[in-house]
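The listed protein sequences correspond, in order, to chains A and B. Sequential numbering of the first sequence, starting at 2, is according to my numbering. Sequential numbering of the second sequence, starting at 15, is according to my numbering.
Errors might be hidden in some of the hints.
Said to hold, decoys possible - Restraint ranges, calculated between C-beta atoms of paired labels, are given here:
no., chain 1, residue 1, chain 2, residue 2, range
1, A, 200, B, 159, 32 to 42 Å
2, A, 335, B, 247, 37 to 47 Å
3, B, 388, A, 167, 27 to 37 Å
4, A, 140, B, 392, 30 to 40 Å
5, B, 385, A, 167, 34 to 44 Å
6, B, 337, A, 306, 46 to 56 Å
7, B, 337, A, 179, 26 to 36 Å
8, A, 223, B, 307, 55 to 65 Å
9, A, 163, B, 296, 52 to 62 Å
10, B, 337, A, 248, 28 to 38 Å
11, A, 87, B, 46, 27 to 37 Å
In case anyone wonders, no lab produced these hints; they're calculated from the structure. As the structure is a prediction and not an experimental result, all values here were calculated from the model. The beta carbon of each residue, even a glycine, is placed where N, CA and C say it ideally should be.
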Amino acid sequence: MGTAAESLTVTEDATENVSADLPTPDGDTGTTGPDRRPVERVVVLAGGLSHEREVSLRSGRRVADALRGTGIEVFVHDVDASLLPFLDEIKPDVVWPLLHGASGEDGSIGDVLELLGIDYVGTGPRASRAAWNKPIAKNVVLGAGIDTPDYVTLPQSLFRELGAQPVLDAVVGRLGLPLVVKPTRGGSALGVTLVRRAEDLPRAMVDCFSYGDIALIERAVEGTEIAVSVVDGPDGPEALPAVEIVTDGTYDYDARYNPGRTRYYAPARLTPEIARHVGDVAVRAHVALGLRGLSRTDLIVDADGNAQFLEVNVAPGMTETSLFPQAAQAAGRDLGDLYRAIVTQGVNRRAASR
Amino acid sequence: MRASEIRALFAVANRPEVVSLAGGMPYLEGLPLDVIAAAMQKLVATRGTTVLQYGSGQGDESLREKIVDVVRLEGIDCHPDDVVVTTGSQQALDLVTRIFIDPGDVIVAEAPSYVGALGVFRSYQADIVHVPLDEHGLVPEALEETLTRLAAEGRRVKLLYTVPNFHNPAGVTLSAERRPRILEIAQRFGVLVIEDNPYGLLGFDGDPLPAMRSLDDQGVLYLGSFSKTFAPGYRVGWVVAPHAVREKLVLASESAILCPSNASQLAIATYLETCDWQGQIKQFRELYRERRDAMIGALSEYLPSASWNVPDGGFYTWVKLPDGLDARSMLPRAVTARVAYVPGTAFYADGTGADHVRLSYCFPTPERIREGVRRFAGVVSAERDLVDLFGTSGAQDPDLTDVENPGPNLA
Numbered sequence: 002m003g004t005a006a007e008s009l010t011v012t013e014d015a016t017e018n019v020s021a022d023l024p025t026p027d028g029d030t031g032t033t034g035p036d037r038r039p040v041e042r043v044v045v046l047a048g049g050l051s052h053e054r055e056v057s058l059r060s061g062r063r064v065a066d067a068l069r070g071t072g073i074e075v076f077v078h079d080v081d082a083s084l085l086p087f088l089d090e091i092k093p094d095v096v097w098p099l100l101h102g103a104s105g106e107d108g109s110i111g112d113v114l115e116l117l118g119i120d121y122v123g124t125g126p127r128a129s130r131a132a133w134n135k136p137i138a139k140n141v142v143l144g145a146g147i148d149t150p151d152y153v154t155l156p157q158s159l160f161r162e163l164g165a166q167p168v169l170d171a172v173v174g175r176l177g178l179p180l181v182v183k184p185t186r187g188g189s190a191l192g193v194t195l196v197r198r199a200e201d202l203p204r205a206m207v208d209c210f211s212y213g214d215i216a217l218i219e220r221a222v223e224g225t226e227i228a229v230s231v232v233d234g235p236d237g238p239e240a241l242p243a244v245e246i247v248t249d250g251t252y253d254y255d256a257r258y259n260p261g262r263t264r265y266y267a268p269a270r271l272t273p274e275i276a277r278h279v280g281d282v283a284v285r286a287h288v289a290l291g292l293r294g295l296s297r298t299d300l301i302v303d304a305d306g307n308a309q310f311l312e313v314n315v316a317p318g319m320t321e322t323s324l325f326p327q328a329a330q331a332a333g334r335d336l337g338d339l340y341r342a343i344v345t346q347g348v349n350r351r352a353a354s355r
Numbered sequence: 015m016r017a018s019e020i021r022a023l024f025a026v027a028n029r030p031e032v033v034s035l036a037g038g039m040p041y042l043e044g045l046p047l048d049v050i051a052a053a054m055q056k057l058v059a060t061r062g063t064t065v066l067q068y069g070s071g072q073g074d075e076s077l078r079e080k081i082v083d084v085v086r087l088e089g090i091d092c093h094p095d096d097v098v099v100t101t102g103s104q105q106a107l108d109l110v111t112r113i114f115i116d117p118g119d120v121i122v123a124e125a126p127s128y129v130g131a132l133g134v135f136r137s138y139q140a141d142i143v144h145v146p147l148d149e150h151g152l153v154p155e156a157l158e159e160t161l162t163r164l165a166a167e168g169r170r171v172k173l174l175y176t177v178p179n180f181h182n183p184a185g186v187t188l189s190a191e192r193r194p195r196i197l198e199i200a201q202r203f204g205v206l207v208i209e210d211n212p213y214g215l216l217g218f219d220g221d222p223l224p225a226m227r228s229l230d231d232q233g234v235l236y237l238g239s240f241s242k243t244f245a246p247g248y249r250v251g252w253v254v255a256p257h258a259v260r261e262k263l264v265l266a267s268e269s270a271i272l273c274p275s276n277a278s279q280l281a282i283a284t285y286l287e288t289c290d291w292q293g294q295i296k297q298f299r300e301l302y303r304e305r306r307d308a309m310i311g312a313l314s315e316y317l318p319s320a321s322w323n324v325p326d327g328g329f330y331t332w333v334k335l336p337d338g339l340d341a342r343s344m345l346p347r348a349v350t351a352r353v354a355y356v357p358g359t360a361f362y363a364d365g366t367g368a369d370h371v372r373l374s375y376c377f378p379t380p381e382r383i384r385e386g387v388r389r390f391a392g393v394v395s396a397e398r399d400l401v402d403l404f405g406t407s408g409a410q411d412p413d414l415t416d417v418e419n420p421g422p423n424l425a
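Please put together the full structure from these sequences, using the hints given.
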């Protein structure tokens with residue numbers, strides 16, 4: 002570690018939000034018990050054929066290193082034609098899909114692993130599919146009483162049928178400005194534009210539709226950008242300390258993965274009530290969406306101190322500048338031990354659910 | 015879209031499902047690997063303590079003698095003392111720029127220009143001024159006009175950077191008729207010419223044109239390389255430089271790297287001595303010609319709405335997209351369609367170029383090239399629908415200082 006971004010991380014009151022119930026390596030909460038068997042061999046899936054391949058490869062290497070440090074044998078493998086024979090040969094105790102975008106987060110890999118009877122870390126296929134579709138996720142959390150910015154979902158075909166300008170005019174008329182345009186699926190802020198002027202909207206639509214056929218246009222909420230990571234503990238999901246993101250410009254792909262443009266505060270500079278509120282919202286979103294293992298919810302805390310749900314990641318980034326590891330460190334957690342607890346839970350989940 | 019996003023999109027290009035028309039890796043499978051292996055083995059066994067030792071800052075003398083033979087093929091008559099061996103010609107670019115450029119000095123370069131040179135020039139805070147090229151290479155009238163204007167503005171122009179043969183990315187060659195005219199203009203304005211020539215021996219028709227250096231031994235720094243005619247893994251290039259510059263190059267190189275790799279230099283010297291290197295280059299030429307034909311054939315068949323030049327050598331086709339398209343914002347769609355290219359903006363220092371893409375034909379097989387162009391045509395067609403729908407057009411590159419080309423090990 003020790004990157005520039007790392008050194009920008011502010012870690013004060015590191016223990017404030019730590020839950021005592023989280024599985025710990027020296028405690029027995031997550032690793033033993035009648036149905037528990039120790040994890041000796043893990044396959045981390047990283048890469049894939051998505052726009053976020055690069056991020057996934059970096060996440061995979063980080064997690065693999067951290068797990069190896071705890072004595073687990075770790076293999077990192079791409080999702081390609083040699084994967085299934087490889088899994089058959091290696092027979093891992095558990096697979097951790099660290100795939101961002103496409104087959105990683107849309108649940109397909111989970112489907113295949115379930116077909117093969119292989120234990121894996123993280124959310125199951127159906128819930129992944131719902132969570133990774135941003136409008137569906139917004140709808141679900143709205144139903145759970147969580148605020149989310151007003152939005153419309155518009156496929157490219159609709160613009161073709163109705164003409165672009167009338168539809169864009171209607172969008173601005175109803176939602177106002179500024180707006181955020183993003184593809185309904187995919188992460189790392191790829192294809193995302195913050196639009197302040199109506200005349201910039203067509204360009205934002207083009208950039209979005211180059212990534213996918215359906216656009217989510219939502220009202221841009223001014224406020225504090227927050228990410229809350231959630232980990233399943235023995236007593237249910239627990240929020241890690243919120244991380245606050247302060248970016249010079251938009252928190253785009255460049256700001257996310259290149260040290261220097263973004264300043265992170267971990268834990269976020271929130272009042273204790275608001276810190277509890279955002280943690281609560283993230284846990285409620287995690288539960289409402291049926292997520293497992295781990296997740297990260299991105300929120301904006303608006304001027305009234307209200308957390309507005311933006312999106313959730315079932316396979317949060319784990320790179321050296323990513324938010325999940327920062328949250329874990331802010332909680333005083335050793336990454337290797339935390340990841341070990343996460344894979345241990347993955348290996349035993351099927352046993353427990355049988 | 016920022017450069018880091020573009021570079022991240024290139025990450026998929028090395029997956030076998032993706033046809034990469036983005037890279038610049040030469041095709042090495044035709045090399046006689048067993049012969050090379052045996053020669054390397056013998057080299058270490060017999061001369062190991064030299065091979066693995068430091069060498070001279072200027073480069074191994076036996077290799078420099080051989081380089082004199084290589085450049086003679088393009089009409090250059092020089093002495094081994096005039097040659098400085100570098101770690102690829104990329105390092106030669108770095109050394110030359112380091113020696114000559116103070117921040118704010120002007121380097122005149124073709125529009126478009128090799129992206130790796132632009133990166134070097136930027137890192138020394140040179141001010142890059144583009145001069146247009148056409149199907150016969152750099153346009154002398156435009157060069158003269160630009161140098162006159164810069165002189166009137168009181169700007170200090172130090173260097174003219176040109177790739178005269180099978181230009182990267184434009185694919186064009188500076189005509190024999192223009193070569194002396196360009197040199198005369200440069201000389202008149204007191205501008206030193208960097209003749210960057212990695213592809214000169216990879217022409218598909220006829221003999222190589224005389225190098226600019228063969229016409230002027232004082233005003234030209236000639237950069238050569240074994241990366242395209244043999245193998246880039248050894249990282250061996252060279253400069254043929256006038257005496258006064260050569261000493262400075264050696265000192266600069268010593269301060270940067272002490273000396274170029276002895277192991278690499280002696281390996282290449284052995285290869286040149288023991289293998290039919292000219293026959294090998296001839297094979298490469300035939301291989302790349304076949305791929306060029308596949309590229310042009312596929313473009314004609316699948317992408318009649320675009321326009322392109324037909325290169326007579328080298329690795330690249332420079333394709334002008336139909337109006338309104340933006341090569342940068344189209345890249346995610348290409349990745350989804352499993353094809354990769356380099357957006358034209360990478361090759362300009364002034365933010366233009368979004369209306370072009372560079373398609374390389376050096377690495378993929380002819381069948382893969384056809385498939386890649388077929389996919390690319392689908393991408394162009396879908397993106398055209400989109401920009402027609404929203405009435406957008408190509409945008410200026412928002413950040414002129416960033417790097418948006420793929421790394422060197424991309425297929």
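To see whether the hints hold, each was checked on the structure:
The hinted window of 32 to 42 Å between residue 200 of chain A and residue 159 of chain B holds, with their beta carbons roughly 36 Å apart. At roughly 41 Å, the beta carbons of residue 335 of chain A and residue 247 of chain B sit within the given window of 37 to 47 Å. In this structure, residue 388 of chain B and residue 167 of chain A meet the distance hint of 27 to 37 Å, their C-beta atoms being roughly 35 Å apart. Residue 140 of chain A and residue 392 of chain B have their C-beta atoms about 33 Å apart, which keeps the hinted 30 to 40 Å range intact.
About 40 Å separates the C-beta atoms of residue 385 of chain B and residue 167 of chain A, a value consistent with the hinted range of 34 to 44 Å. Separation of residue 337 of chain B from residue 306 of chain A is about 50 Å and conforms to the stated range, judged on CB atoms against 46 to 56 Å. Under the hint 26 to 36 Å, the C-beta atoms of residue 337 of chain B and residue 179 of chain A, about 30 Å apart, fit the expected range. Judged by the Cβ atoms, the range 55 to 65 Å given for residue 223 of chain A and residue 307 of chain B holds: they are separated by roughly 57 Å.
Here the CB-CB span from residue 163 of chain A to residue 296 of chain B is close to 60 Å, well matched to the stated 52 to 62 Å. Roughly 35 Å separates the CB atoms of residue 337 of chain B and residue 248 of chain A, a value that falls within the hinted 28 to 38 Å. Between residue 87 of chain A and residue 46 of chain B the beta carbon distance is about 34 Å. The supplied range of 27 to 37 Å therefore holds.
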